[in-house]
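Chains as they are written, first to last, in my numbering: chain B, 685 to 1046; chain H, 685 to 1046; chain R, 55 to 379; chain U, 55 to 379.
These are computed hints drawn from the structure, not numbers from a lab. We put the CB at the ideal spot given by N, CA and C, even for glycine. One or more hints might be untrue.
Claimed, not checked - Calculated cross-link-like contacts (lysine-lysine; reagent style DSS-like; alpha-carbon spacing at most 25 Å): (1) Lys952/H <-> Lys340/R; (2) Lys334/R <-> Lys340/U; (3) Lys100/U <-> Lys952/B; (4) Lys100/R <-> Lys886/H; (5) Lys100/U <-> Lys340/R; (6) Lys307/U <-> Lys334/U; (7) Lys964/H <-> Lys886/H; (8) Lys891/B <-> Lys891/H; (9) Lys964/B <-> Lys989/B; (10) Lys334/R <-> Lys100/U; (11) Lys886/H <-> Lys952/H; (12) Lys307/U <-> Lys340/R.
Said to hold, decoys possible - Covered, in the sense of this in silico footprint (three residues per stretch, anywhere, with C-beta under 8 Å from a C-beta of chain R), are these stretches of chain U: (13) 201-214; (14) 219-230; (15) 311-321; (16) 327-337.
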Amino acid sequence: MDAASPDASASARAGIPAGAGLGPDRILAAYRLMVLSRTTDERCLALQRQGRIGFYAPLLGQEAAQVGCALALTAEDWVFPAYRELAVALARGVPLKSIIDQLIGNSADLTKGRQMPNHFGFREFRFVTASSPIGTQITQAVGAAMAAQRRREAVVTVPFFGDGATSSNDFHAGLNFAGVFRTPTIFFCQNNQWAISLPRDKQTRSKTLAEKAEAYGFPGVVVDGTDLNAVYRAVVQARARAVQGDGPTLIEAQVYRLGPHSTSDDPKRYRTDAEVAEWKARDPLARLRADLAVAGQLDDAADQKVWEEARAEVAAAIEAGERSPPMPPESIFEDVFATLTPRLEAEREEFRALGRGTEGGP
Amino acid sequence: MDAASPDASASARAGIPAGAGLGPDRILAAYRLMVLSRTTDERCLALQRQGRIGFYAPLLGQEAAQVGCALALTAEDWVFPAYRELAVALARGVPLKSIIDQLIGNSADLTKGRQMPNHFGFREFRFVTASSPIGTQITQAVGAAMAAQRRREAVVTVPFFGDGATSSNDFHAGLNFAGVFRTPTIFFCQNNQWAISLPRDKQTRSKTLAEKAEAYGFPGVVVDGTDLNAVYRAVVQARARAVQGDGPTLIEAQVYRLGPHSTSDDPKRYRTDAEVAEWKARDPLARLRADLAVAGQLDDAADQKVWEEARAEVAAAIEAGERSPPMPPESIFEDVFATLTPRLEAEREEFRALGRGTEGGP
Amino acid sequence: MTELTLVQAVNRGLAEAMRADPNVVLLGEDIGLNGGVFRATEGLYKEFGEQRVIDTPLSETGIVGTAIGMALNGLTPIAEIQFMDFIYPAFDQIVSELAKFRYRSGGQFPCHVVIRTPYGGGIKGGLYHSQSTEAYFCHTAGLKVVVPSTPADAKGLLLTAVHDEDPVVFLEPKRIYRAVTGEVPDGDHRVPFGKARLVREGTDVSLFAYGAMVPPTVEAAEALAKDGIQAEVVDPRTLVPLDEAAILASVEKTGRAVVVHEAARFCGFGAEIAALLAEKAFYSLKSPIARVTGYDTPFPYALENLYLPNADTIAHAARAAVQAA
Amino acid sequence: MTELTLVQAVNRGLAEAMRADPNVVLLGEDIGLNGGVFRATEGLYKEFGEQRVIDTPLSETGIVGTAIGMALNGLTPIAEIQFMDFIYPAFDQIVSELAKFRYRSGGQFPCHVVIRTPYGGGIKGGLYHSQSTEAYFCHTAGLKVVVPSTPADAKGLLLTAVHDEDPVVFLEPKRIYRAVTGEVPDGDHRVPFGKARLVREGTDVSLFAYGAMVPPTVEAAEALAKDGIQAEVVDPRTLVPLDEAAILASVEKTGRAVVVHEAARFCGFGAEIAALLAEKAFYSLKSPIARVTGYDTPFPYALENLYLPNADTIAHAARAAVQAA
Ligand SMILES: Cc1ncc(C[n+]2csc(CCOP(=O)(O)OP(=O)(O)O)c2C)c(N)n1
Ligand SMILES: Cc1ncc(C[n+]2csc(CCOP(=O)(O)OP(=O)(O)O)c2C)c(N)n1
Ligand SMILES: [Mg+2]
Ligand SMILES: [Mg+2]
């Protein structure tokens, strides 16, 4: 677990515990996280084009929603991410280096190169390893909340998911169980208006996604996901409700996926430049920077420095990540079970006998 | 298909096409259907105890909801039942004999003895063969509606399901697709207050089941399911909306399962006699009989006759059903595919060679 | 030792596990006041309360999904799926999540959930109350798959499952829930995974069977004995991990093999045993490997007795194997 | 004849079917304007409109459930599941409903749905964009299961699927969507179900492979030929119905068999072929039946090339089979 332990990197600054409001220091810390996230996105999209990582799904445009939510949680709360929650991980204190290791799938990758990039997870930070199937984390988060309830812990569990995921089986089951068992769960939906090529209004006919909560007997709230403070306040409130035993909340953070769905996607096939431009004008990062400037908390020079530090941190993490050796071949057989079954031992023997994974081996 | 073609039995009287209101004649016909259904329930519970049928799930208490709904539909509409919709089948004109054949699983059973009792189906009556998994018919009904839409037919599709089924995956997917594609579907939920031993308020926290429709962008209505006319009117209205292109409706008919969940169930384990007594006072059959008596449409002698006719029809159907020979052994191999694959032919050969299904065979 | 039916043994196993560890919780449909539709959880609601014997809404997706979340957060959930035929709404959670959590997280998030479910035919359950689709789960890397055939094994394997660290699919042969009784050790009785049970020794042919197929297989062996054929009966007990050594040893001795199961034949578990033998016991084999199984059709209702293997059809195949050149 | 990639052949097959019959409709995620994430439906939205190329909400349950309803009511739906790894939310509809509708209704409600889905590894898709779990579907009575390995077969089998009367699970080897090109007959080209393709004749050993495993198997055969070993390569093309006669005939000739697939070995499709041979070609077999397959682990990402069979590992197994006593 060494690679993931908190260090002095910029991202670790997010470890600040959640207080009553997002004071000046924490807002600045949040801004740094958002810049770090944006920088990582930009670099990783380039890395993918250069063939240095295999895949990438940016969160461009969703930074305020992710950071605002994450900063309202405590280290004891559980995060159940989808595959786009990089800024959430950073805000929980996950070192950027650990994330980059997963994107590369090197031997330092805590998930041991088992999954595509973006599907990271960090036990230490109660950031559960993501999977690809849409929505499955939602019921899981509810179950984790039931376990916390049973031990009377004052923690919440937070599944992150998109507008598309509201159509999944687990959305329905998860919200229903949460309603019935009044679990301390905050369902955090980033409605980024698109599920790959399907626009929000073809995903479902409800007026908002938030109102779906009523079908399960608890409140849903809509929040402007480009507004860091608004998101933060909504989550603080939901969290208070939850730990008081008043049950779950569904939060719909309205954002926009400014980039492609992933590096495999070409959004020009299905949406207009005009629509993108409209939302670009509401870029959460620009918005926060403007607010900070007006408040006299960030001048151009200081901003410049934030970006430079971020770029340096990203560059360093990539350099280190690329220097790490690859996963050892026989690691394929680990972690299927707690210990190898005889069948897996025999297959590993067969693998060895073939010389697989060795120089010149098949 | 011979066994299922309409005949002159009492049940065929339901074939009367749906008009503007439920006039005196049709109300009387409805009453006859409800009595026939009640009589069948009572006889079949006894038959099961005697080991003459293997299983039975009564609809005691749900007769008005089923008959009221079915009479508001046309012969071209599609019914997607769960396993409790005997009165719906009767009201669509299915001969009681065909139903009894399925309960027995004899050679006249149109479903060829493949399923447990209650899981009947009749192509001719657009009454789709039921399955056991809860909720699966809901998305199917939506798909059938999409096919009708494509051909611009003025028909609706009607999935029947219980309060428990609102928790199923297919409820969520089905209602969502129906909302998005504005399908001509009437989601007919018989909330009989129990899903085996789980009471309605532990199934979900929403105030009504009907309000769940809002999460999918279309209306939901609550109706007193013990009131034949109220159900009929609600379905007529939903049907008119649907064929006009205004989309689906969710109807929650509030009823009570007066009997056990099935012959395998002992409701005394989980509910009080007092609760049952309270609902027994609202028995839909007694209610309708009283209304008819007040209206001068049914005196005691006439009522007596209705019951006697019903008993005679049920007795005749059972007698005929029990006289029918059993399913031929090799029928096991039919209908897996349209024609037997070589593998199935070989297995049938093996079956024959063993003498299975013959006198003294294994 | 107490004389119990198989379903009673399950019940005692659950009670034992719950008494020993407050983190063990049950969840499922109708398992509380009602005690489960087969009464496997009878009395547990009363003893442990609704916090530990949790009646859920009607959603297998929700049952397995929340069970996974509980396991991630320190509980040991035992989920009941009312019939194996109704496990498919939870299939995504089982195959995509439960089976892969440890692997995909590089070992960070092991996920110890036990899923109990009654399976199999012989109770006049028709298409949807009779299936045995163990092969789906056996083919899914990351799941352990257990099928007891005696009351003692039911309790002993269940307690091993609860103390294991991996996800376990625990299949209970409902046909013999009450038809079979036997002595069951009291207390924390455990039967190890990956160790077959030699039900009956023999020299002429090996019969492999598990779950509800063990009794008719033993019956077949007894009938064969009357004809002078000594059949060995081996019950693998856990399909994953499989006691390959015991299976190979038996065939190395007898040279002939018959595999029995209720599931459809094509790509069923019997195929794996046959493939294993055809690879690793090839030179010991004296005759073709036979499979006595359900047919490649859905499970019928009226004619289920003609669908299921029985002592006669098993004995027939064994005789043919012995008589083959 | 036109030279096409495999995915183009699928696309032409879909267009052909839709032109010929207005009742054929497509439904799935991102198949409309976007043309499918692999572009299999490219251009079809433009030609046939949103009534026939239906972008659905993100629910595989909904896709297959509504497709079944469409089929019951006179349409011929072709459903796309974006990746085979995401078919499990629809598993209940496929296994409980689609596969059993004809049977359970006594033939009254046949249910002809074609489910297309890209499957398999080799594209750096990791755990959830690489699976090949054909065995689940093969074990499910009532489903036909098809896996083309050439562009011509892709189109020809797809058109047969569309004109069949039964549910078909149509698995497209995405690894060779573009890596393989070939001549594809124009128009209504059909390839029958249940007829294997003899890819390469040989006398010394039979190699069975399908989908994306056919190219490396042929490569292995070519390497073996240089050593004087004549390997026969047979592609069953349809796993259900299976051309057992062709498989048996090949092994009756060669006496040795190697089965290749990407899926995990345990209870995989290879087990069925091995079991079939161990039963029906027993006396022709000269050496143990080998399986060259994915390992019994979930599908890895970084090391996928070490997980998948390749020409070397296939040739190695074939050599061992030929050298065995
Ligand atoms: C069950 C399932 N079906 C399909 C996919 C393929 N897929 C990956 S992402 C995606 C869209 C998700 O949309 P949304 O939930 O809005 O999240 P976003 O990507 O917009 O953050 C789809 C269809 C999947 N991963 N899982
Ligand atoms: C997917 C699934 N899970 C569990 C069951 C077992 N089961 C049969 S009926 C039933 C309760 C159904 O309740 P409801 O939908 O309210 O219908 P009702 O029986 O009250 O008419 C259950 C849990 C099932 N048939 N299918
Ligand atoms: Mg989205
Ligand atoms: Mg109910």
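Verification of the hints:
no., hint, result
1, Lys952/H <-> Lys340/R, "violated (59 Å)"
2, Lys334/R <-> Lys340/U, "holds (13 Å)"
3, Lys100/U <-> Lys952/B, "holds (16 Å)"
4, Lys100/R <-> Lys886/H, "holds (18 Å)"
5, Lys100/U <-> Lys340/R, "violated (63 Å)"
6, Lys307/U <-> Lys334/U, "holds (13 Å)"
7, Lys964/H <-> Lys886/H, "holds (22 Å)"
8, Lys891/B <-> Lys891/H, "holds (20 Å)"
9, Lys964/B <-> Lys989/B, "holds (23 Å)"
10, Lys334/R <-> Lys100/U, "violated (56 Å)"
11, Lys886/H <-> Lys952/H, "holds (18 Å)"
12, Lys307/U <-> Lys340/R, "holds (20 Å)"
13, 201-214, "violated (count 0)"
14, 219-230, "violated (count 0)"
15, 311-321, "holds (count 4)"
16, 327-337, "holds (count 8)"
Comparing the model with each earlier hint shows violations of hints 1, 5, 10, 13, 14; every other hint is respected.
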